[in-house]
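Spelled out, the chains give:
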Amino acid sequence: MEAASVVFTLGWLQITSTVVTTWGLMLVFGVGCWLATRNLSVDQPGLVQTALEGVVQSIEAAIEGVLPGRAELLLPFIGTLWLFVAVANLTGLVPELHSPTADLSTTAALAFVVFLSVHWYGIRTSGLKDYLKHYLTPSPILLPFHVLGEFSRTLALAMRLFGNIMSLEMAALLVLLVAGLLVPVPVLMLHIVEALVQAYIFGTLALIYIAGGMQSHEASESPEAPQTNDKKGSAP
Amino acid sequence: MELNWTTFVLEIINFLALLWILKRFLYRPIVQTLAERRAGIERTLAEARATEVKASAMRQQFESRLADWEQEKAAARRSFETELDAERARQMAILAKDLATERERSAAQDAHRLETQKRELAAQASTEARQFASALLARLASQELEGQLVQLFIEELAALPDERLSAVRAGQNGHGKGILTSAFALTAEQRQQLSSAIDARLGKAIALEFVVEPNLLAGARLALGAWQLDFSLVGELGIFAEASTLGR
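Sequence lines, in order, name chains L and C. With the first sequence counted from 1, adding 7 to any position gets you the numbering used here. With the second sequence counted from 1, adding 63 to any position gets you the numbering used here.
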């Protein structure tokens, strides 16, 4: 898998095909959402509106299942993660386009945003002092492990998505080169499933990390309180 | 597997921009629409609950009113039945009274009809009897019967009460002579007997004019002015017919 090619440069900025594809996806998202939501009906929703409402309500329900009462707060971030990663993963199915998530820079950027958001939502919910205190619980000795866990899970988040999508595209390319025109079709079907699964995993892990950060204050206050189903650093 | 820092930074910016775009053009409108729909549903449910409460109250009111109406209906029915019984009794009394009146009237009409029939039968019987008697007496009329009737006339005159003769004796009739009418010509002896009897009963001498009238069938009639003493068969038949007429 070759590195993303530079499409053009703006001064010292090298604009790669990954960034251009992402801009295209943003344009599609922006225009599509603007067209779909400019005439929403409360009483008689159309087919597109019904589908969008279904998507939004599904995301809300998933967030509500993990963090009851915080769906409204986390819907934009988690929803954008799910939608962007899913569509970006599927972009590789379009001829002449590569998935932005097959680029480590994109997955690292997304993982970094998730890393920052965990602390942002945690500090916003618990306050800086209480939030930092949870790194010292149950014992200050565990602080290095907490810090190592934070970075390792972020790295795992980036590498997992990048590895899966990159390998999918490479496998499809290899099968296409070796076996001919129609044989890669099952591989492409697998690509679709894997793309959606990886998007779901990425978003769900981000949600769980954020939930862990937001509930760290409660956990440090009452160690007997039930913990969120946090899968720090676990691989899918 | 190469990390391009420019791409890394731009992808962070792109993601944040996409986050704003989706928040502005997708989540906010959709969530707002869903909230409005939920509010509308809640409002509709609230209205439905209010309508249900109102309907329940109206149903209770209706049931109460229905119960009151049933009571009023029962009371009105009892009152109507009472009035109906009273009216029936009154109508029956009126009917009984009318029937009694009608029965009395019918009885009176029957009695009157029977009386009329009885009178008519009596009149018819009287007429037939008079006709029969007239026919029989006409056939029995003879000189001998004339003589017997003259004797009876003399006896009747002798038995006549004085009250009936007082006016004649006083001469209030203003007559000069008496007219004695007979069906057959009287003999001299009969004339003498009659004249003597009349003179003796009236207490004065009365001049008599003897007239023969066959229509008398038999017997004699004495006329002194307006006063008459008739003892003929026609006179008796006349008395008989007059009695029949008065008896009706």
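Warning: the hint list may mix true and false statements.
Said to hold, decoys possible - What the simulated footprint calls covered on chain L by chain C, stretch by stretch (three residues with Cβ under 8 Å from a Cβ of chain C suffice, anywhere in the stretch; the number is not a length):
#, segment
1, 25–31
2, 178–184
Stated by the list, open to error - Part of the chain L face toward chain C, derived, beta carbon under 10 Å:
#, residue
3, Cys40
4, Trp127
5, Pro151
6, Leu155
Honestly, the hints are just simulated from the structure, not real lab data. Since this is a predicted model, take the numbers as computed values, not measurements. No residue lacks a Cβ here, since even glycine has one placed at the ideal position from N, Cα and C.
Non-conforming hints, listed in increasing numerical order: As far as the earlier hints go, 2, 4, 5 and 6 are violated by this structure, in ascending order.
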